[in-house]
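Trainee: Please take these sequences and the hints and turn them into a complete structure.
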Amino acid sequence: MLDVRDLRKEYRGAIAVDGVSFAVPAGGSLAVVGESGSGKTTCARIVTGLEKATSGTVTLHGSVQMVFQDPYQSLDRRQTVRGCLAEVLAHHGRDRSRLGELLDLVGLDRRLGDALPRQLSGGQRQRVAIARALAAEPQLLVLDEAVAALDVSIQAQILNLLVDARAATGVAYLFITHDLSVVRHVCTDVVVMSRGRVVESGPVERVLHEPEHGYTRRLVASVPRPGWVPRRAVNRD
Amino acid sequence: MTALAIPVVRRAVPFAAVICLLVVLTAILAPWIAPYDPNAIDPLNAYAPFSAAHPLGTDDLGRDLLSRLIHGSRTSLAGPLIVVVAAGTIGATLAITAAWFGGWFDALMSRALDVLFAFPGLVLAITVAALFGSGFITPVVALSVAFVPVIARVMRAAALRERNLPYIEALRVQGFGAWRICLRHLVPNLAPLLMVQAAIGFGYAMIDLASISFLGLGLQPPAADWGLMIANGQPSILAGFPQQSVTAAVAVVITVVAFTAVAERLATRFGGDVR
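Here the protein sequences line up with chains A and B, keeping their order.
The opening residue of the first sequence carries number 0 in numbering that gives the first Met the number 0; numbering runs sequentially from there.
The opening residue of the second sequence carries number 0 in numbering that gives the first Met the number 0; numbering runs sequentially from there.
None of these hints come from the bench; they were simulated from the model.
For every residue, glycine included, the Cβ atom is placed at its ideal position computed from N, Cα and C.
Some chain B residues close to chain A (C-beta under 7 Å, calculated; not the full set):
1) Leu164
2) Pro165
3) Glu168
4) Ala169
5) Val172
6) Gln173
7) Pro187
8) Asn188
Mentor: Shown next, in the form of C-alpha cells:
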C-alpha cells in the first residue's frame, strides 16, 4: 500500500536520506529503526508530505496520518479533547457521534472530553493525538517516536493500545523509533537505518535474533533484557 | 525590571483596574454625567475657584473644567484606542504572514519593519501632522503606522515560535489549509499576547497624542481634549490659575499609569505563555 523507492533527501549539500526503499502492505506494520540522525524521521516526514524528497518516489494508496513525539506540544493548548476531535471529524466529513467511539478506542475516559491538554498527563495527551490521527480513518499511520517521550510504564500502555487499535481498525503502521525494545510489541517487519541508508531489513524476529549487519548487532546488544543487571549492582557484592 | 517589581505598585493593580473602568465609563457616559456643556462660555465667571457649582473651577472663558475634563476623556481615549487597534491588527497580520511563509518574504518584511522601527513614532506623527494638517485623524493615522513595527516585532517572534510547534504540523497532515490553521489556531493562541501588547501600547499612544495636541498639531480649540487643555491652560498659569493645565495633566498621568499597570500585570500573566 505504501511503496517508497530510492528516496533521497539533501539539505544544502548534506545528505540526510540516501537511496532508501521500503514498503508497507495494507494493514501491515513496519518499524524503521536507527539512531538520531540516521534519516528515519526525514523519511517519515516525506511520507506524510511535510517535506519534499530531493529524488525518489513515494506511492501511497490511501490516506496517511501522523503521531508526533512530543505529546506536550502536538495538541493545540486552547482546544479541549472534544473540540480537537470534533474539528478533525468534521473536516473529514465523519459523523460527530464517532467521538465517543474514538475515546473508547484509545482508552480515554469519556469524561475527559472537556479537558484541556494542560489538564492531561503525557500518556493521556498521546492517546488524544492517536485518536485525532485515527479520526480521519487513515490507511497508514506514521508514528514518529510516538512513545519516546513517555515513562516506561506509560510506554507499555500506549504500545498495547497501538496493537489493539491496529487490530480494531486495520490501519497500517510505519513506526519510527530509536528504541529496538519497543519494536517487537508493535511491528512484524523492521528496517534498520544508519547514516541515511538501509543497512538491514526483514521480519522483526529474524532481525532481532540473528542480525546480519554489524550495526544491527550493536543496536540489539545495547537493549537491556530480562536478567540484565546493572554493573554497579554487581560490583557491590 | 518593571514597575510591578515594586510591591506597592503590584498591590495597587486592582485599584488601577477600577480607575481604568471609571475612565472608560466616564468617556462613554460623558454627555449624561457632565454637569455643564463643555463649550458653554461664561466670561463673567472666568477663573472661578473650586466650588460646589464648579468642583474644578472654570477656565479663562468661564467654561466648567470638570465638564471639559469629562468630555475630553472621549477623544483622549478614542485616539490611543484607534492607534492600538489599527496597529495591532496590521502588526499581527504582518507578523503571522511573515512567520507562516518565512524565507525571503519574512526577511523583507523584517527589514522593512526595522527601518520603520528606527524612526521615532512621535517625530513621524508630528511631521505628518505638520505636512497634512492638524486634527484628530492625521496624528492618529501617523501614530498607528509608527506603532505597527513595535507590535509586529514582538508578534512575529511569538508567531514563529507558535508556528513551529508540532500541533501545527499535525493540522497540516490532517489536511487543514493555511488560512484555517492561522485563523482558528494561530490567532487565538497569539491573542492574549496581542492584547497585552495593545494594552501597553495604549499608554504610550496616549502620551504621544497628548504631546501632539499640546504642540497644537492635534485637535483644535474649542475641542475639549486633555492634551489641548494642558496647552491652552499655559497662559492662565502665568495669570495665577493653573487648574486647567494641572487637572488635564493629572488626568493623563493617572490614566496612563493605571492602564500601564494593568497591562503589565496582564503581561506577567499571559505574556510568556507558550504551552
